[in-house]
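S.K.: The residues making up each chain are set out below.
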Amino acid sequence: MKFAILAFPGSNCEMDLYYAIQDIMNEEVELVSYKKNSLEGFDAVLIPGGFSYGDYLRSGAIARFSPIIPALQEFAKSGRPVLGICNGFQILTEAGLLPGSLQKNVSAKFICQTEPLVVNNAGSLFSSAFKLAQIINLPIAHGDGNYYCDQETLKRLIANDQIIFKYRNNPNGSVANIAGITNKAGNVLGMMPHPERAVEDILGSSDGIGIFQSIINYVKSREVVAHG
Amino acid sequence: MALVKVYVNYKKSILNPEAQAIQKALGRLGYDNVNDLKLGKYFEITVADGISRDDLNKEINDICDKMLANYNMENYHYDITETEAAQ
Amino acid sequence: MALVKVYVNYKKSILNPEAQAIQKALGRLGYDNVNDLKLGKYFEITVADGISRDDLNKEINDICDKMLANYNMENYHYDITETEAAQ
Amino acid sequence: MDKVMNQPVEATPEQIRDQKLYQSMGLSDHEYQLIKDDVLHRLPNYTEVGLFSGMWSEHCSYKNSKPVLKKFYTKGEHVVKGPGEGAGIIDIGDNQGVVFKAESHNHPSAVEPFQGATTGVGGILRDIFSMGARPIACLDSLRFSTPKTDEDRYFISQIVAGISSYGNCIGVPTVGGDTTFDDAYEHNPLVNVMCVGLMDLDKIEVGAAAGAGNSIVYVGAKTGRDGINGASFASFQFDSEHESQRSAVQVGDPFTEKLVMEACLDVINNHSDSLVGIQDMGAAGLVSSSAEMGSKAGGNGMVLDLDLVPQREADMTPFELMLSESQERMLLCVKAGHEDEVLTVFDDHGVDAVVIGHVTEGDHYQLLQHGNVVADVPVDSLASQAPVYHRESEVPAHLKDSDTKQFVPEIKNPTATLKQMLTQLTIASKESIYQTYDTQVQTNTVVAPGSDAAVVRVRHYDKALAMTTDVNGRYLYLNPRIGGQMAVAEAARNIVASGAVPLGITDCLNFGNPEKPDQFYELDQAVMGMSDACEKFNAPVISGNVSLNNEYDNVPIYPTPMVGMVGLIKGLKHVTTQDFKQAGDLVYVVGRTGNGFNGSQIQKMQTGKISGKLFDFDLDYEAQMQQLVIDAIQNDLVHSAHDISEGGLITAVAESTFGNQLGVDLTSDLPVDRFFSESQSRFIVSIASENQDAFEKLMGENADCLGKVTDDNHLFVSAADGYFDMDVDDAFHLWKGALPCSLK
Ligand SMILES: Nc1ncnc2c1ncn2[C@@H]1O[C@H](COP(=O)(O)OP(=O)(O)O)[C@@H](O)[C@H]1O
Ligand SMILES: [Mg+2]
Chain A
1 MKFAILAFPG
11 SNCEMDLYYA
21 IQDIMNEEVE
31 LVSYKKNSLE
41 GFDAVLIPGG
51 FSYGDYLRSG
61 AIARFSPIIP
71 ALQEFAKSGR
81 PVLGICNGFQ
91 ILTEAGLLPG
101 SLQKNVSAKF
111 ICQTEPLVVN
121 NAGSLFSSAF
131 KLAQIINLPI
141 AHGDGNYYCD
151 QETLKRLIAN
161 DQIIFKYRNN
171 PNGSVANIAG
181 ITNKAGNVLG
191 MMPHPERAVE
201 DILGSSDGIG
211 IFQSIINYVK
221 SREVVAHG
Chain B
1 MALVKVYVNY
11 KKSILNPEAQ
21 AIQKALGRLG
31 YDNVNDLKLG
41 KYFEITVADG
51 ISRDDLNKEI
61 NDICDKMLAN
71 YNMENYHYDI
81 TETEAAQ
Chain C
1 MALVKVYVNY
11 KKSILNPEAQ
21 AIQKALGRLG
31 YDNVNDLKLG
41 KYFEITVADG
51 ISRDDLNKEI
61 NDICDKMLAN
71 YNMENYHYDI
81 TETEAAQ
Chain D
1 MDKVMNQPVE
11 ATPEQIRDQK
21 LYQSMGLSDH
31 EYQLIKDDVL
41 HRLPNYTEVG
51 LFSGMWSEHC
61 SYKNSKPVLK
71 KFYTKGEHVV
81 KGPGEGAGII
91 DIGDNQGVVF
101 KAESHNHPSA
111 VEPFQGATTG
121 VGGILRDIFS
131 MGARPIACLD
141 SLRFSTPKTD
151 EDRYFISQIV
161 AGISSYGNCI
171 GVPTVGGDTT
181 FDDAYEHNPL
191 VNVMCVGLMD
201 LDKIEVGAAA
211 GAGNSIVYVG
221 AKTGRDGING
231 ASFASFQFDS
241 EHESQRSAVQ
251 VGDPFTEKLV
261 MEACLDVINN
271 HSDSLVGIQD
281 MGAAGLVSSS
291 AEMGSKAGGN
301 GMVLDLDLVP
311 QREADMTPFE
321 LMLSESQERM
331 LLCVKAGHED
341 EVLTVFDDHG
351 VDAVVIGHVT
361 EGDHYQLLQH
371 GNVVADVPVD
381 SLASQAPVYH
391 RESEVPAHLK
401 DSDTKQFVPE
411 IKNPTATLKQ
421 MLTQLTIASK
431 ESIYQTYDTQ
441 VQTNTVVAPG
451 SDAAVVRVRH
461 YDKALAMTTD
471 VNGRYLYLNP
481 RIGGQMAVAE
491 AARNIVASGA
501 VPLGITDCLN
511 FGNPEKPDQF
521 YELDQAVMGM
531 SDACEKFNAP
541 VISGNVSLNN
551 EYDNVPIYPT
561 PMVGMVGLIK
571 GLKHVTTQDF
581 KQAGDLVYVV
591 GRTGNGFNGS
601 QIQKMQTGKI
611 SGKLFDFDLD
621 YEAQMQQLVI
631 DAIQNDLVHS
641 AHDISEGGLI
651 TAVAESTFGN
661 QLGVDLTSDL
671 PVDRFFSESQ
681 SRFIVSIASE
691 NQDAFEKLMG
701 ENADCLGKVT
711 DDNHLFVSAA
721 DGYFDMDVDD
731 AFHLWKGALP
741 CSLK
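Chains as they are written, first to last, in UniProt numbering: chain A, 1 to 228; chain B, 1 to 87; chain C, 1 to 87; chain D, 1 to 744.
For the record, the hints were derived by calculation from the structure and aren't laboratory data. Backbone N, C-alpha and C fix where the C-beta goes; we use that ideal spot for every residue, glycine too. No incorrect hints appear here.
Cut-off 20 Å, straight-line C-alpha distance, at most; resulting in silico cross-link-like pairs (SDA-like, lysine to any residue):
(1) C:12 <-> D:314
(2) A:155 <-> B:72
(3) C:41 <-> B:76
(4) C:5 <-> B:27
(5) C:38 <-> C:75
(6) C:41 <-> C:18
(7) C:41 <-> B:71
(8) A:35 <-> D:343
(9) B:24 <-> D:149
(10) D:71 <-> D:81
(11) A:166 <-> A:135
(12) D:736 <-> A:114
(13) D:75 <-> D:623
(14) C:24 <-> B:44
(15) A:109 <-> B:25
(16) C:24 <-> B:62
(17) B:38 <-> C:75
(18) C:38 <-> B:1
(19) C:38 <-> B:48
(20) D:613 <-> D:184
(21) C:5 <-> B:42
(22) B:38 <-> C:57
(23) D:222 <-> C:17
(24) C:58 <-> B:25
(25) C:58 <-> B:31
(26) B:58 <-> B:82
(27) D:222 <-> C:36
(28) D:570 <-> D:460
(29) B:24 <-> C:70
(30) D:419 <-> D:660
(31) B:11 <-> A:173
Covered, in the sense of this in silico footprint (three residues per stretch, anywhere, with C-beta under 8 Å from a C-beta of chain B), are these stretches of chain A:
(32) 55 to 62
(33) 90 to 101
(34) 148 to 156
If we strip away everything but chain A, and leave its shape as in the complex, we get:
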């Protein structure tokens, strides 16, 4: 299968994702510039962390006007997997692909540390490698990771089982301890923690592999169905 990693001006985790997919997951992967307007030939799209356009105005606010975004919207609509990590999550909310928004952390400070997460839905295409309620450790590194949505939206997220990961010790003030949510269809995941930073024990954790593995399993199982 083949992953696309979108790179915006100011993205800074695209290579980390690249190495995670290429060296650890051993899958095909290609960087796709924000200037392109097609995502043809890819099975899954990853939107990396970083500071697209310096996070000026609001994180993700400017990136979402990039030429690649219509193609991304199209890709998402087709039901194929899209994973936005950190700034990628922020871009997805700004682009309207995920509900809610990400505000400044309650501490008003950037926080970089490893956080325990609770797997709140192990049935999604992004979390099938985990067990429900499993605790996984993933690093966070963000200043604007405080997830906000109104009560209605939260009810819908819960009712549809769209909350995939929750913080055990809510480091940033997110509504309902939310660390990662999907869209209603379940094929677009936005999460603040960085799975690509947790793919080797020497870096402190390899729990992030489960997320990439889930995506790969999903895509490959569909290939089998399609070809079988």
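Mind docking chains B, C and D with the ligands on chain A? Use the hints.
M.R.: Below, chains B, C and D with the ligands without anything else, positioned relative to chain A:
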């Protein structure tokens, strides 16, 4: 030329940690008659001539909806002043 | 009650990278009649009664100098409106 | 608009001479005369005086420190480039070079903490990528006074926020640093940043502009009126009267820098045939980058058309354009005919780049504006022919009759003293600072802040780089030469404790006013001391930075030569941290514990000051202890290693228990007070019990077994005349909470 002043503020229900921190600090410094403090963004946009007021209103609303404010958490309002030249 | 609206802007010679990036993005989106865009901070401060206008002016200047604006790089101005109750 | 209003009126050459206006730009009478009589043989105009004031400032010319810097040990078989370029380079095998340099941003940060810190980070990053290296890590070395007021707390938080905002945004992990608090830095906080980069050795770039006809290309942000005269300003001392010198500050734009960095690395890596040279625009902006590039190439001149320089503001004068310190700008020399190729690369990256001039025959450095020649000086006169001063040196008064007796700590309750020690801000955990830094981006950080040195692996190779910043100004205050040795020794100890062998150092020489003989003495002696140690550890100085005039109302800071050291770990399995790993492991102290109290944290804690003659130090012994520890690590005998520094042995033991929340049960025949001694050359090492024989055989008499790691989360240490006894969890919270609490 028109000068458009746009004010973007957080919606009431949204907690703004920065504003909170400033208000707390003011309290510590003894400014205890400050009952409330809100912090928002303030844009001054200079727009070239040759556009009707209606179109300008449409354009500014557009810019704000699309980019300057996030409807999930922010409100905006603006005023337009005609000016002779860029300020 | 008094509602004080404080506007804080960068001084002229100071680069505002954020405003620059926003203006460029607007240009890319085709809003090419936006000649200039400045971005500053906008505070709404509600102050309790029982303070003379002179004292209020003094206090607001004080707060701005000390905390809301950075005199190295920013200017501020403000207006005061009397209100019935907190907005 | 009223145009005339904006047109600044410049003084005439005669007015500059008669009213000595050059003085306000930082040039002395002697220097002005030199320019007039020996260099130009005519009166310099306003712009020219400006060029010289920038280029002949300490910051650009090193005029006061050059003779001192010559004393540094800079040799070494692996040095590819030593001091002189933007940054130094050391060969680490596999056609790879590690590039590093440090920079001080003390004065800009004192004026405007957030922006001062951000632009410091931005500047040091440009130094690294202009060599053709990708920045892989930053470190920050901070010196503050103990926070007392809200302003102090705000100041510190703004410095930290500035460093975090820039590094995080650009995507370079900030993996280490050091932070200490002492009122000697009350009006002169120190903000030093270091950057480490990695490059392929066949891609080295130099900051030179050679070959008549080749183009000078300006890259990056537009030039504005920010930070004008900053270079000469950075070399001024502050006092209450000079407050008005605090002029325009620069704003950092990490987003633009990220684009500039990627574009420059693209040009260097993929279009090197078109590139003659590249340099960042740092202090004294356009003049310094262009004149240095011109002078370095040798044998050519340069002409720049200022009308072509991208400008953020209207009606800028040549003086302003040349001296502006607007950030995120680079200068390139591009081969004639290859301009379009290079400009296209920048365009692809969304970075502005324009040709603003070219290299000429002859040796004129000429500036044109509106068709007029506005400055015309010999190229070398600005850069390589700046005056050099050999300053006088005299032993400072406080060193003349210092008491040779060592301070004797008074310890009634050892546990209470230890707990008090752990909450001293210099000792306390710096987690609340480094937690706001992205320490992991680039996914190579193997040891993040919190251990001795940070460790960053080299991807796709079985090797890693260890890095640290260190210096204890108190030791230098009591003895600049020995203190200078100790600064390098401590850095090396941290490197060794992490499993690495020292490669080399960079430095920031933060000192007082070199025109005062007693302050010059400190600089001179410190450099000699550092150099002694560099030679001993085979860790040459490959780059550095000088920040003088750190003096307020005639009181200088402690002499504080920040040492940034990088080491190499061959084999990732040798990466070692300070945390005890498992119950049952044996705990050793390596190295002799002597009477090291003058200048120590316990002296400061108990008397409020430091005084007396610095305790003894033996560089040979230090090197020997370090070699033993590195041998033990390379023989796979070591589970944890921690250097003993401020706060002494007991503090190091306590710190080693915190990471994995283990305990210890130790016994020693040292008296309690010695547990706080800061004798150098020591480590706390833990090993698996089955390695006892091998380890003791290797160490001989140099390691004492103190006892065992336990899993009961309790620290118990029995001394000759008392004992330490505390709950590790309690102590951990005291240690961790002290800094955030004092900054609240
Ligand atoms: N300003 C800082 N930025 C990043 N890391 C820091 C900073 N200050 C201290 N640290 C980290 O905290 C740990 C302890 O620092 P320090 O007490 O200076 O150690 P040592 O005494 O061993 O040199 C180190 O890992 C160091 O890198
Ligand atoms: Mg150490």
